[in-house]
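Please put together the full structure from these sequences, using the hints given.
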Amino acid sequence: MKYLYQDSVKLPSKRDFIHDLETLLDVTAAVVLLEDEIISANNEVKEIHRAKDRKISGLRTFESNVTMQMNELVRDGGTEEIQVCKNAITEVCASCVDQQKAKVDSESDASLTDLAEKIDLDSERICKILSPFLEFGVYGARYVYSLGMDGKKRLHGEFKADLGELSFAYELQFKGTVIVKHLVGPFAIPIPKKAGLFHSEEAVKMMDMSHHRLVDVTYSNNQVTAEFKDRRGARMVRVEMKPATNDYSIVYEDVEPVNLTRDELISQEIDSDGILDLMHAVIGYVLDTEKREVATLVRLTFNGMNVVREPLVSDALKVLLAEYGRFANECIAHGAAKDEFVIKIESDDGTRTEKYMSISTVKNRLLGIGKEGAELADAFGLGTSAS
1 MKYLYQDSVK LPSKRDFIHD LETLLDVTAA VVLLEDEIIS ANNEVKEIHR AKDRKISGLR
61 TFESNVTMQM NELVRDGGTE EIQVCKNAIT EVCASCVDQQ KAKVDSESDA SLTDLAEKID
121 LDSERICKIL SPFLEFGVYG ARYVYSLGMD GKKRLHGEFK ADLGELSFAY ELQFKGTVIV
181 KHLVGPFAIP IPKKAGLFHS EEAVKMMDMS HHRLVDVTYS NNQVTAEFKD RRGARMVRVE
241 MKPATNDYSI VYEDVEPVNL TRDELISQEI DSDGILDLMH AVIGYVLDTE KREVATLVRL
301 TFNGMNVVRE PLVSDALKVL LAEYGRFANE CIAHGAAKDE FVIKIESDDG TRTEKYMSIS
361 TVKNRLLGIG KEGAELADAF GLGTSAS
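Numbering follows the working numbering, with no gaps: position 135 of the sequence shown is 135.
Because the hints were derived from the structure by calculation, they are not lab data.
The beta carbon of each residue, even a glycine, is placed where N, CA and C say it ideally should be.
Any given hint could turn out to be false.
[Unchecked claim] Beta-carbon label-pair distances, calculated as ranges:
(1) 61 to 294: 48 to 58 Å
(2) 49 to 131: 26 to 36 Å
(3) 40 to 185: 56 to 66 Å
(4) 158 to 101: 14 to 24 Å
(5) 54 to 306: 22 to 32 Å
(6) 182 to 294: 40 to 50 Å
(7) 223 to 295: 37 to 47 Å
(8) 303 to 234: 43 to 53 Å
(9) 158 to 128: 36 to 46 Å
(10) 131 to 223: 38 to 48 Å
(11) 306 to 113: 40 to 50 Å
(12) 111 to 292: 21 to 31 Å
What follows is the structure in structure tokens.
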């Protein structure tokens with residue numbers, strides 16, 4: 001699939017912008033509602049603590065006043081019998097106050113436990129809604145996949161991304177061992193060898209990599225690096241590529257590392273198209289959610305603070321909406337209409353279809369969210385007075 005503006009210029013995101021925008025609007029409406037519930041619950045928590053403190057303080061003041069009154073009524077000249085009565089009254093008061101404080105603590109703890117469970121549940125719901133969206137739906141982010149082979153010879157690691165003040169990370173674990181032939185079929189690269197019976201001469205031989213395992217991947221905005229090892233884990237091949245330009249380099253490491261792309265004799269034998277196919281297949285594998293066993297959102301922060309717990313969900317959404325707003329403006333700039341966002345989708349057979357969303361639809365959906373709607377619309381670039 002190819003994704004284009006209305007004037008047939010390629011979208012930099014290489015994604016269905018209209019679909020992603022619809023998803024973002026759905027996500028925004030759902031999580032802002034849950035954030036409001038968390039804010040309300042947090043306010044209740046604060047009020048319960050304040051009420052508890054007032055009650056405890058009142059009980060302590062009462063106990064102190066009773067003690068002072070007893071001391072005023074019964075001075076040093078009081079009879080032994082009166083002193084006994086005074087002490088009894090003071091002890092009963094202290095016991096009663098302790099019982100009431102325990103009752104206040106118990107009632108407060110019960111309410112706080114209920115609210116904590118509600119906050120936990122709403123937090124889990126927010127993460128469940130955001131998790132499928134963030135990895136692929138955050139435009140303009142700096143990202144990096146850092147994956148290595150675990151004890152079961154599967155790729156396992158982390159995906160991290162940052163966009164402005166927003167930062168998030170996933171734990172990723174893939175289902176099985178990745179073999180080169182599974183990615184691109186039979187595959188070989190030229191490597192150096194010594195030739196000649198009496199005098200060693202530099203020569204080239206082809207090494208079959210079809211059964212090499214993919215053992216390490218680092219994939220970021222600007223570069224992808226993949227390491228492959230044979231079954232014995234002895235011979236390592238590392239390929240680095242810049243996806244934007246398809247520039248690549250290959251390092252072969254047996255006894256000593258050799259940069260194959262810098263060796264004039266060897267580089268002539270490299271199948272460049274095959275290398276590029278392999279590296280793009282590696283990227284495709286990393287991004288293929290069907291190949292994963294685990295994909296868990298483990299961190300979501302805004303200015304270093306937990307987005308869900310603080311909560312700062314609306315602040316995080318404003319960052320996302322601002323970036324989508326910039327893409328939306330590009331749609332307008334590359335389109336014929338000024339009241340809707342239009343893209344073209346070109347299928348593999350060359351067939352093109354158009355998708356669109358009106359500006360008024362975006363505005364109405366954001367403003368309909370609630371008290372945060374106007375600020376969210378402003379973040380997108382519409383404002384409360386946008387038409």
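Evaluation of the provided hints:
1. 61 to 294: 48 to 58 Å: 56 Å, holds
2. 49 to 131: 26 to 36 Å: The hinted range 26 to 36 Å holds for residue 49 and residue 131, with Cβ atoms some 32 Å apart.
3. 40 to 185: 56 to 66 Å: 58 Å, holds
4. 158 to 101: 14 to 24 Å: Violated, since residue 158 and residue 101 (Cβ atoms, about 48 Å apart) do not stay within the stated range.
5. 54 to 306: 22 to 32 Å: With Cβ atoms ~30 Å apart, the hint holds.
6. 182 to 294: 40 to 50 Å: 20 Å, violated
7. 223 to 295: 37 to 47 Å: 23 Å, violated
8. 303 to 234: 43 to 53 Å: 47 Å, holds
9. 158 to 128: 36 to 46 Å: At 20 Å between Cβs, range violated.
10. 131 to 223: 38 to 48 Å: Given range 38 to 48 Å: violated, Cβ gap about 26 Å.
11. 306 to 113: 40 to 50 Å: 21 Å, violated
12. 111 to 292: 21 to 31 Å: 41 Å Cβ-Cβ, so the 21 to 31 Å window is violated.
Violated hints, listed in ascending order, are 4, 6, 7, 9, 10, 11, 12; each of the other numbered hints is respected by the structure.
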